[in-house]
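Engineer: Read off the chains here:
2 protein chains.
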Amino acid sequence: MTLWALEIEYNGTPFMGWQRQKHGLAIQQVIEEAASRIRGGAEVTEAVSAGRTDAGVHALAMVVQIELPDFTPYRIREAMNFHLKPHPIAVLRCGPAPEGWSARFSAKARSYRYVILNRPQPPTLEVKRVWHVKAQLDEQAMHRAAQLLLGHHDFSSFRASACQAKSPMRTLDFCAVRREGEKVIMETKARSFLHHQVRNMIGSLKMVGEGHWPEARITKILAARSRPAAGQTAPAEGLYFTGVEYDPPLELS
Amino acid sequence: MTLWALEIEYNGTPFMGWQRQKHGLAIQQVIEEAASRIRGGAEVTEAVSAGRTDAGVHALAMVVQIELPDFTPYRIREAMNFHLKPHPIAVLRCGPAPEGWSARFSAKARSYRYVILNRPQPPTLEVKRVWHVKAQLDEQAMHRAAQLLLGHHDFSSFRASACQAKSPMRTLDFCAVRREGEKVIMETKARSFLHHQVRNMIGSLKMVGEGHWPEARITKILAARSRPAAGQTAPAEGLYFTGVEYDPPLELS
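Residue numbers (my numbering), protein chains in the order written: chain A, 1 to 253; chain B, 1 to 253.
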């Protein structure tokens, strides 16, 4: 057996999230079951991911570690994708993991995208893949407000009550908001995020974009260190895990 | 009552197609039922569309005519979208129809897009919205071959056996194939298309893109005037109705 790094893409809609649950299907479970089938039904070690996404959250390039046979990357990818059917999870690339590497603990930076469909009409083709906001958003005001979140802060105001992290301190490295036609898109990056941090950030930035809050209120929300000071938790369906960085970078094919 | 022109968007996945069926839900039926609810449950006239899409085919800007009350366009759009819920159909814009106008018979040009996901890994986020083709396609060869389809031809080789059109003669005004990352996209335009014509055209262009057929074979297929001479009918799920042109143009808001 070899420890493999798998870069995977998934549609989070039908899943309870990354982590195995008693009730309902989790992405972790589907990955482990596909790996087990490659091994002829043998028990497999736990699949560990760079990020544990919530129910309904999507991923464009999640990285997962799991033990698999010593095949070529091509054969591992094809075999995994065969056994992952019909679930909307695909192995994009893969490779043997470097010595001592952990998908979770070796991650230097994680990136997320949040997609708002900003138009009066409801979504049709992108149902469950966007947050529908009817009122016209000022994405430039949202971008300026987002810059107030950058740096090392106590993010308690943007932290879910269920968050298990020991410290509310996080360093936000990047946060940009742009418009692409009917969509308003936030991209953000940090070494790690608190539970619901991205969804809570965009929930407050939306209040700025709608003109309900001045941009400077973001600084006051941070200073309050209190969840009720911030805006709503945006729905999971607009959130995409877009990537994770390691040093040295993973070599996948 | 006023005859309205509605520009609508829909995800074709859950529907039996545009046209009302005995078994299963059609887009036409959902539109008529929403219109009826706006009219307090009264019987409504038949909804007529610019194109009758097949089961699973999507639309970004289909135009539909139906009688509705003499409200403002804003109120018609909001009321229709309210009553269309939870179906993935949305009225984007609307306006009172010009005198003597028909959504179907006044159409001067119809446009379609066909989207191929061209990568070894299966689709996840775009399941039911693309045709998955694993082998690397030469989109430039496909584009050159597509130019051989332009003009006035007998399109019998690209016509479904169930096609009800009186003549197999059609004039193809535009057909372009391009790559956008992992996607190969065809855009095409004509006054009207035969049944399955777009899906049969891309089915043959894919054979060129995979290197199985030389580009010039497209000319031979046209000359054969025989459906078996052409490639497979590409799946409905990659097809999008993208627009219809009228002269004078519709004024919608």
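FYI, nobody ran anything at the bench for these hints, they're computed from the structure. C-beta atoms are modelled at their ideal positions from N, C-alpha and C, and glycine is treated no differently. Possibly wrong hints are sitting among the right ones.
As a list, the in silico SDA-like pairs of lysine to any residue whose alpha-carbon atoms are at most 25 Å apart [what the hints assert, rightly or not]:
{"#": "1", "chain 1": "B", "residue 1": "183", "chain 2": "A", "residue 2": "166"}
{"#": "2", "chain 1": "B", "residue 1": "166", "chain 2": "B", "residue 2": "246"}
{"#": "3", "chain 1": "B", "residue 1": "134", "chain 2": "B", "residue 2": "81"}
{"#": "4", "chain 1": "A", "residue 1": "128", "chain 2": "B", "residue 2": "87"}
{"#": "5", "chain 1": "B", "residue 1": "183", "chain 2": "A", "residue 2": "171"}
{"#": "6", "chain 1": "B", "residue 1": "128", "chain 2": "A", "residue 2": "189"}
{"#": "7", "chain 1": "B", "residue 1": "220", "chain 2": "B", "residue 2": "232"}
{"#": "8", "chain 1": "A", "residue 1": "166", "chain 2": "A", "residue 2": "86"}
{"#": "9", "chain 1": "B", "residue 1": "108", "chain 2": "B", "residue 2": "2"}
{"#": "10", "chain 1": "A", "residue 1": "183", "chain 2": "B", "residue 2": "79"}
{"#": "11", "chain 1": "A", "residue 1": "85", "chain 2": "B", "residue 2": "127"}
{"#": "12", "chain 1": "A", "residue 1": "85", "chain 2": "A", "residue 2": "100"}
{"#": "13", "chain 1": "A", "residue 1": "183", "chain 2": "A", "residue 2": "102"}
{"#": "14", "chain 1": "B", "residue 1": "220", "chain 2": "B", "residue 2": "176"}
{"#": "15", "chain 1": "B", "residue 1": "183", "chain 2": "A", "residue 2": "102"}
{"#": "16", "chain 1": "B", "residue 1": "134", "chain 2": "A", "residue 2": "136"}
{"#": "17", "chain 1": "A", "residue 1": "108", "chain 2": "A", "residue 2": "171"}
{"#": "18", "chain 1": "B", "residue 1": "128", "chain 2": "A", "residue 2": "242"}
{"#": "19", "chain 1": "A", "residue 1": "85", "chain 2": "B", "residue 2": "78"}
{"#": "20", "chain 1": "A", "residue 1": "128", "chain 2": "A", "residue 2": "1"}
{"#": "21", "chain 1": "B", "residue 1": "134", "chain 2": "A", "residue 2": "243"}
{"#": "22", "chain 1": "A", "residue 1": "134", "chain 2": "B", "residue 2": "78"}
{"#": "23", "chain 1": "B", "residue 1": "85", "chain 2": "A", "residue 2": "137"}
{"#": "24", "chain 1": "B", "residue 1": "85", "chain 2": "A", "residue 2": "136"}
{"#": "25", "chain 1": "A", "residue 1": "183", "chain 2": "B", "residue 2": "82"}
{"#": "26", "chain 1": "A", "residue 1": "128", "chain 2": "B", "residue 2": "220"}
{"#": "27", "chain 1": "A", "residue 1": "183", "chain 2": "B", "residue 2": "253"}
{"#": "28", "chain 1": "A", "residue 1": "183", "chain 2": "B", "residue 2": "123"}
Sample of chain A residues at the chain B side, in silico, Cβ under 10 Å [stated by the list, open to error]:
{"#": "29", "residue": "77"}
{"#": "30", "residue": "79"}
{"#": "31", "residue": "81"}
{"#": "32", "residue": "84"}
{"#": "33", "residue": "85"}
{"#": "34", "residue": "87"}
{"#": "35", "residue": "88"}
{"#": "36", "residue": "93"}
{"#": "37", "residue": "121"}
{"#": "38", "residue": "122"}
{"#": "39", "residue": "129"}
{"#": "40", "residue": "133"}
Engineer: Given the hinted pair residue 128 (chain A) and residue 1 (chain A), is their Cα-Cα distance within 25 Å?
Structural biologist: It is violated: about 38 Å lies between the C-alpha atoms, which goes past 25 Å.
Engineer: Between the alpha carbons of residue 128 (chain B) and residue 189 (chain A), is the straight-line distance 25 Å or under?
Structural biologist: This hinted pair is violated, its Cα atoms lying about 31 Å apart.
Engineer: Against chain B, run the beta carbon of residue 133 (chain A) and see if the smallest gap drops under 10 Å.
Structural biologist: Not OK, violated: residue 133 (chain A) not within 10 Å of chain B, min 15 Å.
Engineer: Within 25 Å, alpha carbon to alpha carbon, are residue 166 (chain A) and residue 86 (chain A)?
Structural biologist: Cα-Cα ~38 Å, so violated.
Engineer: Residue 85 (chain A) was flagged as interface toward chain B. Is the shortest Cβ-Cβ separation under 10 Å?
Structural biologist: Holds. Min distance 7 Å.
Engineer: Take the C-alpha atoms of residue 85 (chain B) and residue 137 (chain A), compute the straight-line distance between them, and say whether it is at most 25 Å.
Structural biologist: holds, 24 Å
Engineer: The hint names residue 121 (chain A) as touching chain B; please verify it with the least Cβ-Cβ distance against 10 Å.
Structural biologist: holds, 4 Å
Engineer: Given the hinted pair residue 183 (chain A) and residue 79 (chain B), is their Cα-Cα distance within 25 Å?
Structural biologist: Satisfied, since the Cα-Cα distance of roughly 23 Å is no more than 25 Å.
Engineer: Given residue 79 (chain A) as an interface hint, is its Cβ closer than 10 Å to any Cβ of chain B?
Structural biologist: violated, 13 Å
Engineer: For the pair supplied as a hint, residue 183 (chain B) and residue 171 (chain A), confirm whether the alpha-carbon distance does not exceed 25 Å.
Structural biologist: This hinted pair is violated, its Cα atoms lying about 36 Å apart.
Engineer: Need the status of pair residue 183 (chain B), residue 102 (chain A): alpha-carbon distance at most 25 Å?
Structural biologist: Given that 25 Å is the threshold and the Cα spacing comes to 33 Å, the pair is violated.
Engineer: Regarding the pair residue 85 (chain A) and residue 100 (chain A), is the alpha-carbon distance no greater than 25 Å?
Structural biologist: Measuring from Cα to Cα gives roughly 31 Å; hence the hint is violated.
In this structure, the earlier hints numbered 1, 3, 5, 6, 8, 12, 13, 15, 16, 19, 20, 26, 30 and 40 are contradicted, and the remaining ones agree with it.
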